[in-house]
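With chain W's structure known, arrange chain B on it following the hints.
2 protein chains.
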Amino acid sequence: MGETKLKSKQKEITLNQIMNMEKQERVHFANSIGGFKSVGLIGTQNKSKLTNLAIVDSIIHIGSNPPLFGMIFRPGVVERHTLENIVETGFYTINHINENIFKQAHQTSARYDREISEFEVSGLNKEYKNNFFAPFVEESQVQLAMEFKEKIELTINNTVLVIGEVKAVYYPEDCLQKDGFLDVEKAESITCSGLDSYHKTIRIDRLSYAKPNQELTSILPL
Amino acid sequence: MGETKLKSKQKEITLNQIMNMEKQERVHFANSIGGFKSVGLIGTQNKSKLTNLAIVDSIIHIGSNPPLFGMIFRPGVVERHTLENIVETGFYTINHINENIFKQAHQTSARYDREISEFEVSGLNKEYKNNFFAPFVEESQVQLAMEFKEKIELTINNTVLVIGEVKAVYYPEDCLQKDGFLDVEKAESITCSGLDSYHKTIRIDRLSYAKPNQELTSILPL
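Here the protein sequences line up with chains W and B, keeping their order. Here the working numbering is used: the first residue of the first sequence is 97, the next is one more, and so on. Here the working numbering is used: the first residue of the second sequence is 97, the next is one more, and so on.
In case anyone wonders, no lab produced these hints; they're calculated from the structure. Hints may contain errors.
The list treats identical chains as one, so a pair stands whether inside a single copy or across any two.
[As the list claims (entries may be wrong)] In the DSS-like style, the derived pairs of lysine-lysine whose C-alpha atoms are separated by at most 30 Å in a straight line are:
#1 K296 with K143
#2 K274 with K105
#3 K282 with K296
#4 K199 with K274
#5 K107 with K282
#6 K282 with K119
#7 K245 with K143
#8 K274 with K119
#9 K105 with K296
#10 K222 with K245
#11 K145 with K307
Bound conformation, chain W alone (with noise of 0.2 Å):
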């Protein structure tokens, strides 16, 4: 740690190379090469009821005052019905993933028809609570209740950018630290890389508000 390994060799992929990928190919590079993302399970109902759970991996934040989140859809049978019911009754929840649910919540990427919950078929178990119109899921322990706020058409591949806002926050109150900071990884929270691979953290450190000219120090422990 601090010194500088020398790095594997590097090779080059230009995007031509990408472009004549087989689709499939294409598809785990692209969504591998940024990085691991912020995914959660997005649950929805529509007026009749009907429950949807998805998951989604483009969580993103948009702003802290308020709170505000954004989740990109592409076209597609799997997540539009998440989007509809977003859409149509204006409130969604966002879930953390953790390990023990993670294979229930890879489940619900399957393309199942408009009338099947992916609830029942994978056998999460839905949470309502404090009249919150959509459901929750019982095994995640970090819980956001969304509003809808905006859908924004992106048109350089029609894709849809959705942002919410955040109405409440449910989190083990053990991981809430006393400067406003949410320990996800002690609420043992996972992120994913590619379209299908899960990853615990471990934890290297918390650094100070960075200023010019002054040392970085660890603020661990709180």
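Just chain B, lined up with the frame of chain W:
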């Protein structure tokens, strides 16, 4: 593993309570509740070849055909130089962070003046190659050459979504799997949570493509 653990006692924080937090506490909280984030170093230079390097923790995969990535820029001094350079010159690099350089990477978030290069003050080395306009981070094991495509104003909170296309990818030869998956854990890329917490990963598994009524299997080793 596999068994459902009892949760720690779960607490609720509502939007009202979040909005009543002291500003820094709210920023820590809002930045951490979404889970682990995609983090990288964005390398740019202006037309006068003054370089800039900024850590960005909102990298998001937008598409595979062609490969597109987005990132969110918040209004503010730190990231503004990077955004200006991207729009002015049309090019930037995304460089993965590893344990050997996470402190230098974090230091780039300090508010340096326009004429100061974060490459110089952080001690990270610039690398130019294949006539690409923007500088890479030499210490980074996975590097993306990006062309600016589109800037979308998110009026909901005056942030900007910048979308770019991947022109080339540099990666350690032994990290690319035959199905197109780039093993970023093997490449020692790290993830972050909140504003200042850095994490290594441990793979749990890679899972087969999910289909209705079909058991998931591990696809390791490939």
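Alpha-carbon proximity between K199 and K274, which holds within one copy, between copies, both or neither at 30 Å:
For K199 and K274, only the inter-copy Cα distance (23 Å) is at most 30 Å; the intra-copy one is 33 Å.
Status of K119 relative to K274 across identical chains (alpha carbons, at most 30 Å)
Only across copies: K274 and K119 sit 13 Å apart there, 47 Å inside one copy, limit 30 Å.
At most 30 Å between CA atoms: does that hold for K245 and K143 within a copy, between copies, both, or neither?
Within one copy only: 18 Å inside a chain, 38 Å across chains, cut-off 30 Å.
My question is about K105 and K296: at a cut-off of 30 Å on alpha-carbon distance, are they close within one copy, between copies, both, or neither?
both (27 Å within a copy, 22 Å between copies)
Tell me, please, which holds for K274 and K105 at an alpha-carbon limit of 30 Å: within, between, both or neither?
between (44 Å within a copy, 17 Å between copies)
Alpha-carbon proximity between K282 and K296, which holds within one copy, between copies, both or neither at 30 Å:
So K282 and K296 pass the 30 Å test inside a copy (11 Å) and across (14 Å) alike.
Up to 30 Å between alpha-carbons, please classify K145 paired with K307: within, between, both or neither.
between (51 Å within a copy, 24 Å between copies)
30 Å Cα threshold - placement of K143 relative to K296
neither (36 Å within a copy, 42 Å between copies)
Can you give me the call for K107 and K282, within, between, both or neither, at a CA distance of at most 30 Å?
between (36 Å within a copy, 15 Å between copies)
Intra- versus inter-copy proximity for K119 and K282 (alpha-carbon distance at most 30 Å)
between (38 Å within a copy, 24 Å between copies)
Given a CA cutoff of 30 Å, do K222 and K245 count as a within-copy pair, a between-copy pair, both, or neither?
This pair counts as within: shortest intra-copy Cα distance 24 Å, inter-copy 41 Å.
Hint compliance for this structure: hint 1 alone is broken.
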